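Asks: Chain U: place on chain S using the hints.
Those sequence lines, one after another, are chains S and U.
When you line the first sequence up against UniProt numbering, it's residues 1 to 916, in that order.
When you line the second sequence up against UniProt numbering, it's residues 1 to 422, in that order.
Derived by calculation from the structure, the hints in this document are not laboratory data.
Do not take every clue at face value.
To be verified - Capping the alpha-carbon separation at 20 Å, the derived lysine-lysine pairs in PhoX-like fashion look like this: (1) K164(U) x K284(S); (2) K373(S) x K372(U); (3) K328(S) x K372(U).
For clarity, every value in this text was computed on a predicted model and none was experimentally measured.
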Amino acid sequence: MTDSKYFTTTKKGEIFELKSELNSDKKEKKKEAVKKVIASMTVGKDVSALFPDVVNCMQTDNLELKKLVYLYLMNYAKSQPDMAIMAVNTFVKDCEDPNPLIRALAVRTMGCIRVDKITEYLCEPLRKCLKDEDPYVRKTAAVCVAKLYDISSSLVEDQGFLDQLKDLLSDSNPMVVANAVAALSEINESSPTGQPLVELNTNTINKLLTALNECTEWGQVFILDSLANYSPKDEREAQSICERITPRLAHANAAVVLSTVKVLMKLMEMLSGDSDFCTTLSKKLAPPLVTLLSSEPEVQYVALRNINLIVQKRPDILKHEMKVFFVKYNDPIYVKLEKLDIMIRLASQANIAQVLSELKEYATEVDVDFVRKAVRAIGRCAIKVEPSAERCVSTLLDLIQTKVNYVVQEAIVVIKDIFRKYPNKYESIISTLCENLDTLDEPEARASMVWIIGEYAERIDNADELLDSFLEGFADENAQVQLQLLTAVVKLFLKRPAHTQALVQHVLSLATQDSDNPDLRDRGFIYWRLLSTDPAAAKEVVLADKPLISEETDLLEPTLLDELICHISSLASVYHKPPTAFVEGRSAGIRKSLPARQGSDDAVAQEATVIPSQETLIGDLLTMDIGAAVPAAGPPAQPASTGIDLLGGGLDSLLGGPPTEPASVAAPTTTGLLGDIFGLTTAPAMYTPPKTCWLPAEKGKGLEIWGTFSRRSGQITMDLTFTNKAMQAMNNFAIQFNKNSFGVAPGASLNLGVLQPGQSIENNLPLTTNGPVQRMEPLMTLQVAIKNNVDIFYYACQIPIQVLFCEDGQLDKRVFLTTWKDIPAANEVQYTIHNIKGNADAVASKMTHNNIFTIAKRNVEGQDMLYQSLKLTNNIWVLLELKLQPGVTNATLSLKSRSVEVAASVFQAYESILNN
Amino acid sequence: MSSSAIYILDVKGKVLISRNYRGDIDLGVIEKFMPLLMEKEEEGLLTPILQTSECTFAYIKTNNLYLVSTTKKNANIALVFVFLHKVVQVMTEYFKELEEESIRDNFVVIYELLDELLDFGYPQTTDSKILQEYITQEGHKLEIQPRIPMAVTNAVSWRSEGIKYRKNEVFLDVIESVNLLANANGNVLRSEIVGAIKMRVYLSGMPELRLGLNDKVLFESTGRGKSKSVELEDVKFHQCVRLSRFENDRTISFIPPDGEFELMSYRLNTHVKPLIWIESVIERHAHSRVEYMIKAKSQFKRRSTANNVEIVIPVPGDADSPKFKTTVGSVKYAPEQSAITWTIKSFPGGKEYLMRAHFGLPSVECEDNEGKPPIQVRFEIPYFTTSGIQVRYLKIIEKSGYQALPWVRYITQNGDYQLRTN
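In isolation and in its complexed conformation, chain U is listed as follows:
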């Protein structure tokens, strides 16, 4: 129902390592992968799923590597892709960087991992923290044979027992990314907030955690409808959160994994004023020059400040002799990306800055149509969330009864922030 075999290929399509799980497809079929991929790319019909007469290839690409799964059944393809990405995540956590070299350097462990991650095409244990307890890189140094951690088959498959910290601490990061799409006329087509609550948990034992947010649904059901609250459109939880409990009374309760993980993510469609607004005037004088006038406005409260603001403005590929003028920050031309980047280290709320750029254009025009890439903005605003979400409490209960304090940090940053140009 899932993968018949998994391959890791280098960028030219050479197999670096592979594992056959079902034996129903000849392993050599992978020879057809690269030619097929190139052919489809040429035809402009490239999809992450490629079909041949013998099997279906599903692949993802990461760091110049292809991870390919084959199947000749009606596989659950969503599962296959999520799993392939998970493999990348596990291996990255094992080897820091998943690349050609790290695969050769660790092929024995990779074989062991592949054996544990998937059985007969069905994903099994994919939690790298737990895997690391019994599949170790220095296996030969251990004199005692490893045992299966209880967690592998436990209901709590993400946390081992007997974890000990001298100081029990939890760090919560509430990170909101703002996605924005605006058209050339300055109309916002789409704006969306994608938030994530990331945790770093350094707690002993098997702690029970309960997180309280100013969730509108919860507030309304408990008669606090008037207090300031946030309506979360869609929430996704890490597998440690008891989903039925949340469905019943909106309580977020869980036994956390050890260390760093993403507890939940949420999405809001509320229309907010774009935090950083860009107005651009582009004057193109064919065969001679192009001029840009870019105005950047910060539309958030004065007491907040956006840090490391980067405004990336696409310019024609054949532009030359750049000249810039700006009151604040610095401008850099990156010809290899056909773009200029205007960097403003600190951008307080309620301000407006201006930048002018001037390029020469060759008298002979380049033939291929270049399209109109949008202006993109990167920024970071600390101590601030666009949605107004707040962590009201984080209760930590462990049977040994220790006290642990949660630390909360808020930050808003850009997500997919695109403004189309004329």
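If we strip away everything but chain S, and leave its shape as in the complex, we get:
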């Protein structure tokens, strides 16, 4: 006998029939009737008309019947709030039933009925159930507090349920503890202030860690997830938590494993990176992560998305595990694509051969998206692992020979990037590419091909014909192809002006007259003005050296990555987006960030070398919070379109000066720069670079900041100019720095007062060098956060290293000599300085003003040798030898230091000091 018979009632007066059955005197008949009602409800029929009759069946000692009536109540109470009140009495009575199963059932169901009138009556029974003698009732009541909080947070706070819930954290029963933790975490997450309502302390953490060993697998996840929100007070506590949760990595439940990984990844931030403990911990993480790849495909997918984060944060953990990410034929497509992504992240010179042969294999598969991604991956390998570029290119050529349309197109797109990265190296393959011109029908591939033709116009004999053939259908092309065509033809003209004038005129008129795309028109007009005003300048602009393209194209921005690490195993970690991006309202919760490492300067955290422009969170660069809560990220700042910029006043400065550094060429709005320049010429003082724009007004919601660093009589200051370009006054300014390579920190608070609209204020902020230290990449980067009444803004700037040169940087001659010998030759770096003016003495005196001290001067075979030393604020000594030849403006600089990382910055300092 099965339940399916309840679905088969076909009589006409069904509701009426059921009504009479529900009111029958026979218990058995009643129960059958309720089952029929539930069956109708299940298939989506509206049986709410039977509400009073079903509620009448509620008072029964038959558990099965009771459960069904409760289920009915949960579904329909909201639509019949007035009648739902009829059920309250029974609920309250059931909460006192001798059978704990019924007590729990009643309190569980009551919490699910979101009707105000019922909620009022819930408090007393709930209070009792929280103290029930049976753990089953207590664990159900604990969750019920979270339910009540969801309906009315004030009720929970006023009635003291939070304290009762907190007491349950010390319950003798692990299951009760686990549910209490889950409820508390939920309440904390949705707290309206963004501040946790109940803070965990060392004591409770210890209780949780004890319960962790005894509760169910799900309870372990609740406890681990709440541990992830706790910040230990010091490294020792962090280490002890790590020790106690590490055994969970051997749990069969993948959710337990991932939550453990989350807590460990977070706490490892607090451990010094070179400790044995940390190294062992890293080693212990790899095997469980690999094993996750043998779980169900959906779990694999979640694991892979998380591994993607872990590989970016701590590349060492899985660097030897490349093979486990090899794609299997029967993997679902979403698993394949994720594996591919991780393979590229792990690709290195050591394993590139294997990776390439795999990628080539994948490129012959059937699934178009997968094949495309595989081809793209080959290109990314070429850019990432330089020695492999040649093999990658030949692999791509092989693939082009297959003539599979989408493979060819994808290959051309990535070859364009390879050309960008290695200019003038592989142009021999251009002819092969040109053979496939006709088959390209995707905009990105066409645009890439056009770019290649324009870039190498001087080497492609029939470049003009090729481009001309594209122009025929100019109007029908996609916008990106049109833009590339325009630029390519202008490049062609600048490189081979002889026969291409007609062509360039044609394309300019197409772009400026026939097109209604503003970007295209603007670009057309700029080229036109440039070409007609000053062809030489046009050449400099259009054919300028291109900035290098980054190795890793899709690294997550570091702070976002850190935030996501705190969200391992959650949806955020799968989306690679912070919860604020997809969770509405207050339930988005508190922004999470990794804990700060304490006083160690050998941070192993790998910082991204290139920060790709993320759509969201441009501002959220730093892991610090000024004041209390960090608000959710504002709307993404729109990057200024270069076209608009050029058309404005920028055009003139562009024509006037070298186009590569518009920021330093454009005159700042204040007198700060002039003052500095005068200061330099009147009295010989330390060289201070001119102020540059650190925070443009469009990113600072109207606040513009220009600044530079200077050092006056041993005091480092950050010289800032604040300008308010918004419509209203700004106040409550505050400043904070992120950890940085030299521990630079504000030495005073930022005292600006009120900044009126249109007003500019100068501020010289004294700095100290005893702040927290963390190696930055590039070394001299300083990430700054400025807060005012409007928002918090983040920017990064470069500290000129000379402000860190100490006044007591002069070494004794003998000490210099022995130190120079002691430092191994591997630590010597050489550099050539161009355009030196003045003789050795002038140079020496100029250097002395900047705390670079000349120890000795010698003349060897007509060359002046200057031996110099300097000391950085963190006691790194740098020894230098400067070789000058009279009459020759180039000088050779040799540097030796135990910390040779500073070399590049020191060379830069020499350049700027000597050239100013």
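Replies: For chain U alone, kept in the frame of chain S given last:
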């Protein structure tokens, strides 16, 4: 933090049964699930997580059913998926087969189960043995009201008290699956052993068990480094095993659940010679015929024998008129899978067999690219483990002091065993 509601849908997306846990998302949102799934599938962007403006769907598919969980928070999604699979497991243990029919036949119990499995989106009791003690299919026959088994809230949440057997017995199966991926040139790209120790426990009372393996870490720490031992790369345990104890001194100690369960699984990356090696020569004569020469080699000890060896060789979808020639076993063509299966009932170690197949190809070539599915091998080798793992002892202590004997069985079989072809 977890599920807002759970749905079970049929293959067309019709809701068979659902349970709303948090009431923060309209139940009707499920109407969007199927269209969204189809759309993503079309775009080739299908993932087990689908996002809409109102909520996130996380789903798994089993036996033509979709189990869907909704959430609008930043849920612990790993937990959601593990839980959904657990639901399938519990229901399968309840109804033998989880399918459309069994859901209709048992909807009352399913509602009860859904109520007990999850509370406000937080998973609660998911052990079907324990659940079966108080949520029964014949509820109406019971005159006495069911009570909550102690186990529900006990530290030992997987075993009830008062279990009695006349004969106390334990069966241990050590099953090793070999995963292999080899490329067309005959190079092994990846080989891995995934082992599992499965138990069937028929013991009375609350027995304490301790399992001893020839674990290398344990042997080295106790000064038996020279004895033959196995280095387990990663071990995963059933929740009954005391993990801290294992972390401390590698002791595997536990109170087992009653009946059948998987005690532990382990993984080894050691490079072993592929147990069954396949060499294939495929000659394709476009528009006329394709010929296969398949050589199968058993590369394990002569005294072991592989049973039920099946070698599945993919062939083009438009191939016809198959002809086979082989010295051993039988060959079958399965056109619906575009593959031939060569079956060898008994394959002793150190042997080599050959099979030739011949197919006709149509003169008009099929347009769509078919890809290159790999050759797959299935086999089973009893009384043998690739890793050399050994059960040294299984100690059983119960306060009543009964004697119980463990029975141990070893078996090696194929896991994901793929050899790519040209």
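Asks: All hints are to be evaluated individually against the structure, with a verdict given for each.
Replies: Now for the hints, and whether the structure bears them out:
{"no.": "1", "hint": "K164(U) x K284(S)", "in the structure": "violated (41 Å)"}
{"no.": "2", "hint": "K373(S) x K372(U)", "in the structure": "holds (18 Å)"}
{"no.": "3", "hint": "K328(S) x K372(U)", "in the structure": "holds (12 Å)"}
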